[in-house]
Amino acid sequence: MPTTECEIDLQHEDDEVLVRRTQRGDSAAFDVLVERYKERLYATVYHMTANHEDANDLVQDTFIKAFKSLNSFRGQSSFYTWVYRIAVNRTINFVKRRKNRNQYSLDDLDSSIQTDPDLVEMMSHITPRREVALIELHEKLNESLQKLSEPHRAVVTMHDIQGMTHADIAKVIKCSEGTVRSRLFYARQQLQGLLSDYL
Amino acid sequence: MNCRKAQELFDDLSRERLAPETAAEVRQHLVDCTDCRVQEQRTARLQRLLALKRYERPAPEYFNNFLSEFHHRVLAEAQRTGRWEQALGHIEELLAVESVRVWRYRFASAMGVAVVVGLMWMGVRQMDDPASVAGQMAGTNPSLIFAETGSSTPSTFAASLPSLLQVTPADYEPAAADSAVLTPAPTHADSPSPRYVLDRISVASASYDVPNVQF
Amino acid sequence: MWVALFVATTPTAVFAAGLLETIDQEVSSIYEKSRDAIVKIHAQRQFHVGGVSLIPSYRIGTGFFIDRDGHILTAATVVEDADTCWIDWHGRQISARILGRDPQTNLALLKIEPETGTATPFLPQGNSDELRVGSMVIAIGFPYDLPSTPVVGFIGGLDIQRSGHFLAPSHIRAECRLKPGQGGGPLLNVRGEVVGIAVAAHMDDQCCALPINAARKISADILQFGQPQHTWVGLAVSERQLAINATQSNQWQVFIQQIYSNAPASAAGFCNGDVLVSITSNGVHRSADVINTMFYHRVGDAVEFTVLRNGQEQKLLVVVGNRPPEEEFNPSSIQQTAAPQPQGQRLTVVPASQER
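Residue numbers (our numbering), protein chains in the order written: chain A, 126 to 324; chain B, 1317 to 1531; chain C, 167 to 522.
No lab work stands behind these hints, which were simulated from the structure alone.
Please note that the accuracy of each hint is not assured.
Only pairs whose alpha carbons sit at most 27 Å apart, straight line, appear in this in silico DSS-like list of lysine-lysine [claimed, not checked]:
#1 LYS193/A with LYS296/A
#2 LYS265/A with LYS1321/B
#3 LYS296/A with LYS221/A
#4 LYS1321/B with LYS190/A
#5 LYS163/A with LYS221/A
#6 LYS296/A with LYS163/A
Build the full structure now, drawing on both the sequences and the hints.
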């Protein structure tokens, strides 16, 4: 007879176990997966959309889609890669459709840029050609990112912001590592042009 | 090592993912080749800049309601599509599972649980509404929002209600053939708590902007 | 009015007692006369999950008959998405058919089939244009699971705007504290005629009511077309104050900010900045005038707009179209754009079950 002990155990279970349990009807197992990955998914989606509301909706949609189609997940990749792929695809499609609207929601969570000694150190290494306030830099960054096309934005987000490897990215967007590299190369070239004042 | 190969490995070098010998080769190439060195420095600066975005995080409390919002949305989806068997596998198996864990949308056959689900679902639907009430910023149109809050029916009402679903169409003769009359649903032993409807107009924060009217 | 007569003819000593007694009698008699025509409406929606029936959603509100054939007006949110709908009638439940709903005004038109030979009692309709701030109204409805209850109040205002949102047309704001379940109920004037429908509450102690003249128009449209027909011209206008001067009566102006393409107004010859002077014979000073005048026009009407441009008046003719659904309002459909103006918030009706 499952008791609260069972709940605690769920927290430490592997993704595979949780997926199987969900497939057999234990929806609480899916809750654990949601809690486990929500922030990571959110980060990627947010960096691609630059809008917190949209990011929230997209990540919610992603989990709903994952929940509904979990039965067709056969374990060919890890759960995380699978759900991450759903998120990235949804976000790319969403951004494509949203092309004409500029909806940056930087202001409402400005305080999220946490003051951090590493950040301070990092700022000193950037050597901008002129004094720049952190806010302005932040905005300029987001603007430039939004100017990239969606596939390029995705790889830059995943590699340079999220720190994923080429191999993982290739698994997510289902292409070769070579494609990932060349997209990264092209995207960085574009960004360098857009951000030349700050580099 | 040629330029192309070296450039491919820059990312890995900066992430310290290379074997020591390979890393040494790449570094040597950078010393020798000015073009690549410039390129690498540029890329490194760009990456440091981008890494700033890692600090763009909402406050930790931002995600507190994520899971409950997820539950709301799943329920709403269920109401819309009604195709839960895909998600949850076989319902019959589900109903047969012996578990005392009452998760919100666990469709166990126990009546008590069903009523709890019903009540909580009412609560869920109420909570949905504040989200939908928030004005949408696409210009002003002369439309009205009706936040369907109804009343929160506390369980005391449920207890005192007579069974409202004693629908008896017996006395009622269907009229002309062209009037497609709806027949009342069969009663359920577990009659649901009704929601008494009184919509509310949301109170948005006062604005001194002059809205425009699209007609 | 009976109050005025009484005040004029009664000596002060018995004034207070007599007046109250009269109010008591009047309210009771209006309630007694009207209660038969006011019914409790039940709406239920069944959910099925993989062959298992879930507990259905079940809503209760108030409605009232408007003619002897069994037509009922109520609030749209009471009956939205319902699979089955019925009313309590003489101790029995009678099925009701939903003829049409208008999300914009939260109105719904239902119909029951009265037994052959019988006619349904109905509330006489008043003229909501006659209402003034301070007019007395009686709202009647079924609070919770109780029998119908009258709530007496006064009209606090006739609002076109609330919290930055537009109500089309102007709604009645009455100082009536309504309870859940009373949504969709009638507002009666002191003669016992329906002058409004309680469609929403505001801040708990105010009632927002759709004027009966508007409800008449919408239900006529529903009967004829199966759905409401809201007018559409294709202009976005704003209002501004010319001079804050008590002596100037026409100190407000309505001017055109945007003209939609693919709309009735596109080829009519409007220019941005034109000041609207009148629509047919109705003068226009505030945005409210525009909303209220256009609300009562029908799709297909040829409407003459008089605009002021560069000091000269011009008359432009527009054939009114049908308002497109909300999703079609996007910037690309705007033909000309003036300088960006701050925009208020748009209210849209969101049925509780709607998803994005």
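Status of each hint after checking the structure:
Between LYS193/A and LYS296/A the CA atoms are separated by roughly 22 Å; this keeps the pair inside 27 Å, and the hint holds. Among the hinted pairs, LYS265/A with LYS1321/B is inconsistent with the structure: their alpha-carbon atoms are about 32 Å apart, more than 27 Å. In summary, the hint linking LYS296/A to LYS221/A is supported, as the alpha carbons are separated by about 22 Å, within the 27 Å threshold. Of the supplied pair hints, the one linking LYS1321/B and LYS190/A is violated, its CA atoms being roughly 40 Å apart against a limit of 27 Å.
About 23 Å separates the Cα atoms of LYS163/A and LYS221/A, which keeps this hinted pair within 27 Å; it holds. The hinted pair formed by LYS296/A and LYS163/A meets the criterion: a straight-line CA distance of about 19 Å does not exceed 27 Å.
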